[in-house]
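Visitor: So you can see what is in the structure, the chains are spelled out below.
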Amino acid sequence: MKLIRKMVSLGVLICGLCSVSWTLAADLPDLGEPTQSQAKASASISAAESLKKDAVCTKCHDSSEMKPVLSIYQTKHGVKGDPRTPSCQSCHGASENHVKNADGKATRNKPDVVFGTKRGSSGAYPPSEAKVQSTACLSCHGKDVNRTHWEGGAHQTNDMTCASCHEVHTAHDKVRDKQTQPEVCFVCHKEQRAQSKKISHHAIGEGKVVCSDCHNPHGSAGPKMLKKNTVTETCYTCHAEKRGPFLWEHQPVTEDCTNCHTPHGSNITPLLKSRAPFLCDDCHDGPHNSQAPVAGNAGGIQGGLTNATTSKLANPSTSYAGRACLNCHVMVHGSNSPSGAFLHR
Amino acid sequence: MKVKIRVNALISVVATVFGLSLSASALAVDADAALSLARQNGCLKCHAVDKHKDGPAYRDVAAKYKDKDHAETVKKLINHITSGEKAKFPDGHEEEHKIIKVKDVAQQTNLIEWVLSLPGGVWPEKD
Chain A
0 MKLIRKMVSL
10 GVLICGLCSV
20 SWTLAADLPD
30 LGEPTQSQAK
40 ASASISAAES
50 LKKDAVCTKC
60 HDSSEMKPVL
70 SIYQTKHGVK
80 GDPRTPSCQS
90 CHGASENHVK
100 NADGKATRNK
110 PDVVFGTKRG
120 SSGAYPPSEA
130 KVQSTACLSC
140 HGKDVNRTHW
150 EGGAHQTNDM
160 TCASCHEVHT
170 AHDKVRDKQT
180 QPEVCFVCHK
190 EQRAQSKKIS
200 HHAIGEGKVV
210 CSDCHNPHGS
220 AGPKMLKKNT
230 VTETCYTCHA
240 EKRGPFLWEH
250 QPVTEDCTNC
260 HTPHGSNITP
270 LLKSRAPFLC
280 DDCHDGPHNS
290 QAPVAGNAGG
300 IQGGLTNATT
310 SKLANPSTSY
320 AGRACLNCHV
330 MVHGSNSPSG
340 AFLHR
Chain B
0 MKVKIRVNAL
10 ISVVATVFGL
20 SLSASALAVD
30 ADAALSLARQ
40 NGCLKCHAVD
50 KHKDGPAYRD
60 VAAKYKDKDH
70 AETVKKLINH
80 ITSGEKAKFP
90 DGHEEEHKII
100 KVKDVAQQTN
110 LIEWVLSLPG
120 GVWPEKD
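These protein sequence lines map, in sequence, to chains A and B. Letter by letter, the first sequence follows residues 0 to 344 in numbering that gives the first Met the number 0. Letter by letter, the second sequence follows residues 0 to 126 in numbering that gives the first Met the number 0.
Next up, chain A with everything else stripped away, as it sits in the complex:
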């Protein structure tokens, strides 16, 4: 009898739970969550509205323009199915004075926001102030954490605008393509272009490494607009084997890679600022400390020509040829060998 009572009460409990969950499920649409079809419908409405706004501009600015303005529909900015994408007015402003031309003059008033640079603008109107242009872009793109440091960055303080590098209306924005990005940067950074052509270089010309692999052109907290906070941190993103930690560290390595290397190119492999032993001499300018000198003439200034005992002419040691100091101090970035104090192994 007890068993029957228990079974009945259990059945009632299950039925109750089922009815509650069914009621909740039935209530779901009322919570305001859009269904898939509703979302599609609202997207198509916003797309239609956006295209209607665009039509105010595309009535005149169509495929006949000198610059292909309609190509924006081949870019992410032109994906009308996405309600976040802008209409012409989102970037260029409502520009009512331009559209209505109430004065009736042959040359219309300029739109609210004209993009371009003083150097690169080929349009009928002079470009708007850099701040005005950037504000238009950052109204959407400012939310990205990579652009947090735009204000105060070297590009912003030099009155550059987004349009200085980016081409928004073209399907192929050169600065966003690995193969063509350096061309855009090198327009201003000519010294770096020259360096990238030297014998030892990052594979920039080969299209394997681009400026934005190391730099954040939109501003950063690090030096030289580097992506990371320090030079070493930036270099270690690729050259991880140099990071350590090492049992025996070489202090300049942990300090700053540019103590010895020049990142954009050098005629001394691998991207060295100067040739060893002279490079090493910049810091290690005392007598060679080794108990077993690299050669008979190793005393005195390291790398110096000190063979004055046998000849009045100074002869360089063969040990200093080629990789010089690096012939023996091979682990120059740091060693984990217990006996690697002198970075020999």
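Nothing false has been slipped in among the hints.
The list that follows gives simulated cross-link-like pairs (lysine-lysine, PhoX-like), each with its CA atoms no further than 25 angstroms apart:
#  : chain 1 : residue 1 : chain 2 : residue 2
1  : B       : K85       : A       : K58
2  : B       : K87       : A       : K109
3  : A       : K52       : A       : K75
4  : A       : K104      : B       : K52
5  : A       : K58       : B       : K100
6  : B       : K50       : A       : K66
7  : A       : K109      : B       : K52
8  : B       : K97       : A       : K104
9  : A       : K104      : B       : K100
10 : B       : K52       : A       : K52
11 : B       : K87       : A       : K52
12 : A       : K58       : A       : K109
13 : B       : K97       : B       : K87
14 : B       : K100      : A       : K109
15 : A       : K51       : B       : K50
16 : A       : K272      : A       : K196
17 : A       : K52       : B       : K50
These are computed hints drawn from the structure, not numbers from a lab. The structure displayed is predicted, hence computed values, not measured ones.
Given chain A, work out where chain B should sit, using these hints.
Guide: Using the frame of chain A, we list chain B on its own:
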């Protein structure tokens, strides 16, 4: 029989002369230069070759002046693009017509001649 041959020969001669004169007039107009000039001066913001925008389609302009005195028409239209006279828009308001930047009369004439050479237009405009 001889008369028939002569008539055929006459027809072929007339056709050849007519064809040559047509091709000569077509050669006289540099369509690429005219289109490029129109594009550079922003003419195509309000006009198009074959569709009505704020201004009439160029081929419809050609249809409008088809039966009028050619020299007078060219003169009138050059004045239209160089004087800044008022142009009426579809919504009724008026604006000064844009003045073409090029001062070379030969280029201006080439543009007008190209517009007037466009076939297939109707006047009054359909759309």
